Amino acid sequence: MSHRLSLSQAFVFLLRRDLLLALRNRAEYAMPLLFFVLVITLFPLALGASPELLARIAPGIIWVAALLAAMLSLDSIFRSDFDDGSLEQILLSAHPVAVLVLAKVSAHWLVTGLPLLLVAPLLAEMLGMPVAAQTTLLLTILIGTPILSLIGAIGVALTVGLRKGGIILSLLVLPLYVPVLIFAASATENAASGFDPSAQIYMLLAFLFLSISLSPWATAAALRMSAS
Amino acid sequence: MFLWFHKLGSPPHFYRIAGKWIPWLGWIFLLLLAAGLYGGLVEAPPDYQQGESYRIIFVHVPSAWMSLFIYVVMAICGAIIIIWHMKLAEVVLISSAPIGASFTFLALVTGSLWGKPMWGTYWVWDARLTSELILLFLYLGIIGLHNAIDDKRTAGRAVAILALVGVVNIPIIHYSVEWWHSLHQGPTVTKFDKPSIHWSMLLPLLLMALAFQVYYVLALFQKCRAELLRRERNSKWVEEL
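The listed protein sequences derive, respectively, from chains L and H. The opening residue of the first sequence carries number 1 in the numbering used here; numbering runs sequentially from there. The opening residue of the second sequence carries number 1 in the numbering used here; numbering runs sequentially from there.
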């Protein structure tokens, strides 16, 4: 080892590594996005294609689908690192694990949360959501999906060592997603019916900062537990 | 004081103390339960609005209180586990989870049975009902996670982290659900004004709450003893029993 990385260098390094891995593994990371589109397609088929009904429930549908897609992709945050042992190297590094965890979660959000932002306007338009509500929808997705990744990381860290972690993971994580779902969907609904959604947006922002500051510590503790 | 605390943390000592307390707790529980039920079902007058059917609060309200109380106990155990790695706290945490889940379930069932004659429906997506339901899922998540991990020491730490994360989230979930309801203009009228409660109803209610509290400690001690035996089955003090 000729030189030591500073903390910010380590953060950027880990972020770049994860993004590069995702880039080489495009098919795997496209799945949650496809799943998101597919789930939304199911609703008009199940509920009938009446435009007023779809426009009314569109915020709820899009957010439930985003929640499920986020859950589906969670496992990839730590799974491959756990399997090939690089997770232990991260835990052994001289830098605070919480910061490195934050780098991994950011990478995960960039490859799974951000693409939802690009598809959502298309789907909102297809469901007949009013244009005024679409900007609010995008804003809630922009603020809400990082929270999903951050909370989900705790769940994955707790279950990554288990053989059948998947079903347990959903039981752990979905109840904790409830506040995000409520505020994001009701912000969009408010905007759709012509009210001011800023109160809910501020609440979402508060959740975002709370989870950025607390979740990496819990995730780091859980990872230490899983790797031991 | 510290010595007492330290001694209580040792499994054989706790096993013996808990064994001595269990019969006493059982009798106290039965006495309180009998007094509370008599006061609630016989002595207390019928409500002027709800008639006799309000009497279910003597079960419903204490179990709802217990469902929250037990979660807080579990979170405190979680903190103790993370900070001091205390074995007994792991046992208390995981033994509390099924009891807490049962009380939550009981609160939901009695609540919906009460809701049918009062509101005309078993279930509404009201703030309290929804957050109680989510609390039940949190309990089940903790039990599920504990069962999924084979090594029980690791499992103890995992559920400790989960319980702590959950306790941060419970107020958030509670208030978000409450605000969501008020933001929505709910379709059903679920509000009914609670008349300030008369002592003839309050006294049995408090007796029942106390009885449930004692029952929790009683059930907890029994479950803890069983769990301790299971975990320490290879140790010397268990063989000596």
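You may find that some hints are simply not true.
Here are the simulated SDA-like cross-link-like pairs (lysine to any residue), alpha carbons at most 20 Å apart as the crow flies [to be verified]:
| id | chain 1 | residue 1 | chain 2 | residue 2 |
| --- | --- | --- | --- | --- |
| 1 | H | Lys152 | L | Arg224 |
| 2 | H | Lys152 | L | Ile201 |
| 3 | L | Lys164 | H | His13 |
| 4 | H | Lys236 | H | His13 |
| 5 | L | Lys164 | H | Val72 |
| 6 | H | Lys223 | H | Leu203 |
| 7 | H | Lys87 | H | Thr110 |
| 8 | L | Lys164 | H | Leu241 |
| 9 | H | Lys87 | L | Arg224 |
Listed next, with one range per pair, are the computed distances between beta-carbon atoms [stated by the list, open to error]:
| id | chain 1 | residue 1 | chain 2 | residue 2 | range |
| --- | --- | --- | --- | --- | --- |
| 10 | H | His85 | L | Val131 | 40 to 46 Å |
| 11 | H | Met118 | L | Pro44 | 34 to 40 Å |
| 12 | L | Leu91 | H | Gln222 | 54 to 60 Å |
A few chain L residues that don't get close to chain H, going by computed Cβ distances all over 10 Å [to be verified]:
| id | residue |
| --- | --- |
| 13 | Leu5 |
| 14 | Phe11 |
| 15 | Val64 |
| 16 | Leu118 |
| 17 | Phe207 |
Bear in mind the hints are in silico, worked out from the structure with no lab data behind them. Keep in mind the model is a prediction, meaning the values are calculated, not measured. Here a beta-carbon is modelled for each residue, glycine too, at the ideal position from N, C-alpha and C.
Check: Hint by hint, which ones does this structure get wrong, listed from lowest number up?
Finding: 2, 3, 5, 6, 7, 8, 10, 12, 17
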